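Undergrad: Chains A and B, in that order, are what the protein sequence lines are. Throughout the first sequence, residue numbering follows this note's numbering, covering 3 to 196 in sequence. Throughout the second sequence, residue numbering follows this note's numbering, covering 200 to 385 in sequence.
None of these hints come from the bench; they were simulated from the model. Note that this is a predicted model, so its numbers are computed, not measured. Glycine is no exception: its CB is placed at the ideal position from the N, C-alpha and C atoms. Please note: incorrect hints may appear among the correct ones.
As the list claims (entries may be wrong) - Selected chain A positions facing chain B (in silico; Cβ < 7 angstroms):
| id | residue |
| --- | --- |
| 1 | E9 |
| 2 | F10 |
| 3 | Q17 |
| 4 | V78 |
| 5 | T82 |
| 6 | A168 |
To be verified - FRET-style restraints, in silico, Cβ to Cβ:
| id | chain 1 | residue 1 | chain 2 | residue 2 | range |
| --- | --- | --- | --- | --- | --- |
| 7 | B | N278 | A | E194 | 35 to 41 angstroms |
| 8 | B | Q346 | A | R88 | 27 to 33 angstroms |
| 9 | A | H91 | B | R364 | 53 to 59 angstroms |
What the hints assert, rightly or not - Here are a few chain B residues that sit away from chain A, every Cβ distance over 12 angstroms (derived from the structure):
| id | residue |
| --- | --- |
| 10 | R284 |
| 11 | P332 |
| 12 | D333 |
| 13 | G334 |
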Amino acid sequence: MNERSDEFDPLRALQPDRVRPDDPGDPAVVSRQKERLMSIIEESDSTASPSYRTPGIYPRLAYNDERAALDYLVRVFGLTEIREARMEHDDNVLAWLRLGGGMVMIGHANHDIHRIYSPMEVGNTTAMVNVYVHDIDAHYARAVAEGADVTMALQDAFYGERRYEATDLEGHRWHFAEPFEAIRARGGSIPEDA
Amino acid sequence: MDEDTDAAVIAASLDEPARFGAVFDRHATTLYRYFVRRVGASDADGLLGELFRIAFERRVSYDTSRPNARPWLYGIATNILAKHRRREARRLRATARLVAERSAPGDLADGVAASIDAAELWPRVSELIAELPDGECDALLLFVWEQLSYEEIAASLEIPIGTVRSRLNRVRRRLRALDAPTEVAP
Chain A
3 MNERSDEFDP LRALQPDRVR PDDPGDPAVV SRQKERLMSI IEESDSTASP SYRTPGIYPR
63 LAYNDERAAL DYLVRVFGLT EIREARMEHD DNVLAWLRLG GGMVMIGHAN HDIHRIYSPM
123 EVGNTTAMVN VYVHDIDAHY ARAVAEGADV TMALQDAFYG ERRYEATDLE GHRWHFAEPF
183 EAIRARGGSI PEDA
Chain B
200 MDEDTDAAVI AASLDEPARF GAVFDRHATT LYRYFVRRVG ASDADGLLGE LFRIAFERRV
260 SYDTSRPNAR PWLYGIATNI LAKHRRREAR RLRATARLVA ERSAPGDLAD GVAASIDAAE
320 LWPRVSELIA ELPDGECDAL LLFVWEQLSY EEIAASLEIP IGTVRSRLNR VRRRLRALDA
380 PTEVAP
């Protein structure tokens with residue numbers, strides 16, 4: 003146990019489980035509450051409502067090889083697939099992925115109904131996905147280590163965010179950022195004039 | 200994502216809710232002790248159940264970029280405790296009486312209110328804590344009793360780390376002021 007010694011010592015002396023060592027609480031409570039939780043979980047499982055919610059706005063990105071894209075986005079950019087949302091038909095996959103509070107949907111390029119193309123087909127990128135991440139430095143390091151195609155190196159932007167951009171395996175552009183305020187809050191260092 | 204982190208377990212629990220049980224296994228004892236410290240064992244039982252029911256419902260919005268769920272759980276627990284401040288104050292006063300009865304002269308930690316009689320000090324400390332604004336009390340107890348870092352407290356209470364620092368500094372000043380009237384100038 004990390005024993006600090008400072009003005010707060012009187013508070014430590016008032017910590018009830020030090021004063022009354024016979025009052026650490028009842029271990030049986032924890033196992034009883036575990037049983038309750040598991041029965042709540044079991045009941046919730048039988049109600050068919052999905053346990054994920056889609057935001058009011060989220061993009062659908064088109065890929066020629068959406069399975070490869072799914073692997074790539076999870077491995078390189080750290081997105082998490084919501085497995086219960088996945089839809090597969092014929093050879094195609096629709097998948098929903100989250101990162102922090104945001105979400106993207108990915109699927110096969112669809113020329114007939116939705117008329118969306120992979121950047122690989124048209125030779126240009128026409129939109130960029132903006133993502134806030136918890137620790138931009140760690141996110142960048144991971145992406146680089148996983149072989150990301152970094153198209154804007156990590157930098158501190160004048161408007162108060164650290165950011166970088168990377169282009170994914172089919173040419174979609176991703177912009178990752180973290181506000182200086184959040185960097186400071188997690189104990190990271192930011193430019194002195196920020 | 201590392202398969203073993205809380206974030207990975209919570210993400211997996213969206214598909215397989217029963218996996219959320221592992222979050223309970225990892226943190227329930229710690230959070231139960233937190234409740235016991237603040238409101239006593241008889242209330243801590245129900246609050247522990249409430250905490251994990253709420254956490255389970257909110258797992259959808261868990262920020263999976265945070266590997267460790269403990270600060271998140273402390274945050275939910277602290278919100279629940281906001282309704283129990285009066286009970287908490289009674290408990291603190293009772294604890295202070297016990298400590299005062301047991302304190303022998305010279306028993307106090309070095310440099311702490313050494314000039315105040317124990318019978319006088321402990322009730323004053325417990326009053327001070329009981330009357331703190333919620334935000335200061337929460338930051339204080341998470342820091343001193345739960346031994347969370349400033350960063351973890353910031354994440355728990357969803358406030359900037361600078362606010363954690365200023366809240367704790369305000370409490371430090373209040374505690375020092377307790378001692379002030381009897382201080383002798385060198």
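Undergrad: Now tell me, hint by hint, if it's right for this structure.
TA: Hint check results:
no. : hint                                 : in the structure
1   : E9                                   : holds (5 angstroms)
2   : F10                                  : holds (5 angstroms)
3   : Q17                                  : holds (5 angstroms)
4   : V78                                  : violated (12 angstroms)
5   : T82                                  : holds (5 angstroms)
6   : A168                                 : violated (17 angstroms)
7   : B:N278 to A:E194: 35 to 41 angstroms : holds (36 angstroms)
8   : B:Q346 to A:R88: 27 to 33 angstroms  : violated (42 angstroms)
9   : A:H91 to B:R364: 53 to 59 angstroms  : holds (54 angstroms)
10  : R284                                 : holds (16 angstroms)
11  : P332                                 : holds (16 angstroms)
12  : D333                                 : holds (16 angstroms)
13  : G334                                 : holds (16 angstroms)
Violated hints, listed in ascending order, are 4, 6, 8; each of the other numbered hints is respected by the structure.
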